[in-house]
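**Student:** Produce the entire structure from the sequences given, and follow the hints as far as they go.
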Amino acid sequence: MNELIIEAQNLTRKFGDFTAVDHITFDVGRGEIFGFLGANGAGKTTAMRMLTGLLSPTAGEARVAGYDVASQAEQIKQEIGYMSQKFSLYGDLTVYENIRLYGGIYGLGDEEIRKKSAELVEMLQMEALRDKRVGALPLGWKQKLAFSVALIHEPKIVFMDEPTGGVDPITRRQFWEQIYKVAEEGTTVFVTTHYMDEAEYCDRVSIMVDGRMDALGSPAELKKQFEAEDIEQVFIKLARGADRDEG
Amino acid sequence: MRTIKFLLQKEFLQIFRNKSMLPIIFVMPVIQLVVLSFAATYELKEVDMHLVDFDRSGVSRQLVTKMQASGYFTLRSQSANVEEGITDIRRNKVQLVLVIPPHFERDLRSGRPASVQMNIDAVDGATAGLIQAYGRSIIQDFDAGIRPDVEEVRGGGPGGIDIIPASWYNPNLDYIKYMVPGILVVLVAMIGMFLSGMNIVREREIGTIEQLNVTPIRRYQFMLGKLLPFWIIALFELALGLLIARFGFDIPFVGSVWLLFGIAGIFMLVVQGLGLLISTVTHTQQQAMFIAWFLMVIFILMGGLFTPIESMPVWARELTLFNPMAHFIKIMRMVLLKGAGWNEIQHLAGLLALMAAVILPAAVFRYRKSTG
Numbered sequence: 001m002n003e004l005i006i007e008a009q010n011l012t013r014k015f016g017d018f019t020a021v022d023h024i025t026f027d028v029g030r031g032e033i034f035g036f037l038g039a040n041g042a043g044k045t046t047a048m049r050m051l052t053g054l055l056s057p058t059a060g061e062a063r064v065a066g067y068d069v070a071s072q073a074e075q076i077k078q079e080i081g082y083m084s085q086k087f088s089l090y091g092d093l094t095v096y097e098n099i100r101l102y103g104g105i106y107g108l109g110d111e112e113i114r115k116k117s118a119e120l121v122e123m124l125q126m127e128a129l130r131d132k133r134v135g136a137l138p139l140g141w142k143q144k145l146a147f148s149v150a151l152i153h154e155p156k157i158v159f160m161d162e163p164t165g166g167v168d169p170i171t172r173r174q175f176w177e178q179i180y181k182v183a184e185e186g187t188t189v190f191v192t193t194h195y196m197d198e199a200e201y202c203d204r205v206s207i208m209v210d211g212r213m214d215a216l217g218s219p220a221e222l223k224k225q226f227e228a229e230d231i232e233q234v235f236i237k238l239a240r241g242a243d244r245d246e247g
Numbered sequence: 001m002r003t004i005k006f007l008l009q010k011e012f013l014q015i016f017r018n019k020s021m022l023p024i025i026f027v028m029p030v031i032q033l034v035v036l037s038f039a040a041t042y043e044l045k046e047v048d049m050h051l052v053d054f055d056r057s058g059v060s061r062q063l064v065t066k067m068q069a070s071g072y073f074t075l076r077s078q079s080a081n082v083e084e085g086i087t088d089i090r091r092n093k094v095q096l097v098l099v100i101p102p103h104f105e106r107d108l109r110s111g112r113p114a115s116v117q118m119n120i121d122a123v124d125g126a127t128a129g130l131i132q133a134y135g136r137s138i139i140q141d142f143d144a145g146i147r148p149d150v151e152e153v154r155g156g157g158p159g160g161i162d163i164i165p166a167s168w169y170n171p172n173l174d175y176i177k178y179m180v181p182g183i184l185v186v187l188v189a190m191i192g193m194f195l196s197g198m199n200i201v202r203e204r205e206i207g208t209i210e211q212l213n214v215t216p217i218r219r220y221q222f223m224l225g226k227l228l229p230f231w232i233i234a235l236f237e238l239a240l241g242l243l244i245a246r247f248g249f250d251i252p253f254v255g256s257v258w259l260l261f262g263i264a265g266i267f268m269l270v271v272q273g274l275g276l277l278i279s280t281v282t283h284t285q286q287q288a289m290f291i292a293w294f295l296m297v298i299f300i301l302m303g304g305l306f307t308p309i310e311s312m313p314v315w316a317r318e319l320t321l322f323n324p325m326a327h328f329i330k331i332m333r334m335v336l337l338k339g340a341g342w343n344e345i346q347h348l349a350g351l352l353a354l355m356a357a358v359i360l361p362a363a364v365f366r367y368r369k370s371t372g
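Protein chains in written order, with full-length UniProt numbering: chain A, 1 to 247; chain B, 1 to 372.
If you are wondering where the hints come from, they were derived from the structure by calculation, not from laboratory data. You can take every hint at face value.
Selected chain B positions facing chain A (Cβ under 8 Å, derived; list incomplete): (1) Thr-3; (2) Lys-10; (3) Leu-13; (4) Asn-18; (5) Gly-207; (6) Thr-208; (7) Glu-210; (8) Asn-213; (9) Val-214; (10) Thr-215; (11) Ile-217; (12) Thr-371.
Just so it is clear, the structure is predicted and the values come from calculations on it, not from any experiment. Note that CB positions come from ideal geometry on N, CA and C, so glycine has one too.
**Tutor:** This is the structure we're talking about:
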């Protein structure tokens with residue numbers, strides 16, 4: 001964890017009077033699985049959108065893969081993978097066509113695309129579904145596909161916004177196996193989740209409350225710091241102090 | 001360039017897989033062209049006529065016979081009183097009162113100018129115009145020395161008689177030749193303006209645009225990916241429409257079809273550019289559709305399709321300078337019907353090119369991959 005993939009300093013985003021993300025400061029290293037927790041509306045998605053160059057920060061700064069989010073958003077995009085909360089691949093294209101499209105957009109050669117798609121489809125055990133239209137697939141499979149598309153250009157970091165929301169436990173487990181595999185290969189994983197058991201799988205966890213980052217550390221450290229049995233208790237202790245409504 | 005190849009591949013796959021869009025793109029314009037072109041024609045049917053013949057001569061009878069023989073006019077009633085005829089018009093019994101003055105035959109024989117009077121029910125102005133034109137051409141054909149004196153009767157008004165001078169003939173045939181090229185322009189413009197812009201807004205609604213926005217895709221690449229497929233489809237449809245025009249409606253192709261396609265290519269860039277520009281400032285298809293329709297209606301009504309631009313007030317005529325559709329309709333008619341070449345249309349083509357050069361970069365510039 002010598003190389004830093006994300007360095008955020010007082011990163012802030014306001015929408016009018018509302019401060020969605022309030023001066024958050026943190027680092028994420030290479031190959032780390034970084035869990036990003038928080039109640040609905042705590043500012044997780046906004047923070048993630050800033051780090052992926054989809055939203056410009058109001059104040060503070062952040063570097064992702066060495067590039068500044070405010071001024072070098074386009075350079076960042078070549079280095080990151082992104083899997084949004086809402087499934088955003090093309091439902092009327094097949095699994096393979098979606099992979100090919102994004103491979104092409106990321107500038108992969110034909111041979112590379114062919115090799116990569118075969119690899120990804122195999123890793124996700126989706127060989128049989130290769131030529132199925134994505135719209136007809138169950139949610140769990142869609143999410144797996146979104147994950148593979150996010151990885152096609154071998155990014156330094158992959159951002160995942162609630163990748164396992166609404167997914168069955170078995171697929172969820174498979175998902176995390178893939179996450180571990182990817183992290184072992186050196187890709188940083190930045191993941192938001194509502195599942196506290198998933199938080200335990202992360203190398204480090206941060207918990208956002210009302211736009212602030214109120215806790216940051218490994219699951220073990222956090223449990224010790226907040227004198228809790230598990231992350232869920234940590235979360236509840238912190239969330240109790242929140243002003244913002246859920247939703 | 002490679003990126004654009006992948007984007008085009010994606011767009012075409014999606015277009016041809018969309019079971020509800022495909023007929024809209026390919027069948028509806030054909031139906032519209034055929035239906036609109038036939039419906040927009042004013043076919044003159046049997047006109048009921050009242051005859052007031054003050055002359056009662058051989059020549060006046062010959063004239064009436066000739067009118068009946070044309071198949072357009074039927075003699076319903078006659079009297080010796082013009083007022084009676086007008087009353088018949090008021091009661092919707094006849095649409096035309098033909099008045100032949102005394103000494104008609106004598107005047108004609110002695111070479112003096114003779115005239116007949118046509119009183120026409122002009123509540124339906126278009127039909128009245130046709131009755132007048134048909135009647136006039138029959139009468140003039142009968143003897144060039146007769147000067148038809150046309151009077152039109154309007155419903156309601158005091159006196160109810162109006163005179164409209166008209167100088168056209170055989171409007172039936174002219175009209176369809178005049179309309180079809182214009183309708184073709186409207187059809188390709190609709191594809192250009194609605195489909196490419198709507199496509200982007202749809203991606204925004206579904207959320208697929210977000211996945212694209214986190215890739216290093218360039219804005220112009222994205223825009224070209226949206227522009228080119230519908231550009232190709234619109235030109236294909238123009239070809240289809242021209243085939244129908246040529247073989248279905250017998251529209252002459254006097255000028256160069258290649259020139260026409262060249263200009264159509266530029267025209268498409270303008271309307272598609274507008275569609276794309278609209279898509280960059282709207283969030284839902286509903287908003288985009290509303291703005292696009294707003295522009296479209298203005299373009300059509302002020303484009304010289306139905307009403308001639310020359311008869312608009314000066315300010316409106318100057319506004320049509322900014323109406324790409326007006327220019328292309330004009331070019332289409334000039335090239336197809338009159339055989340105009342590059343020299344005659346270059347100023348209009350230049351205007352279109354200028355519009356494209358302003359609108360397209362504006363659309364690319366307005367498109368944002370990130371917000372805030």
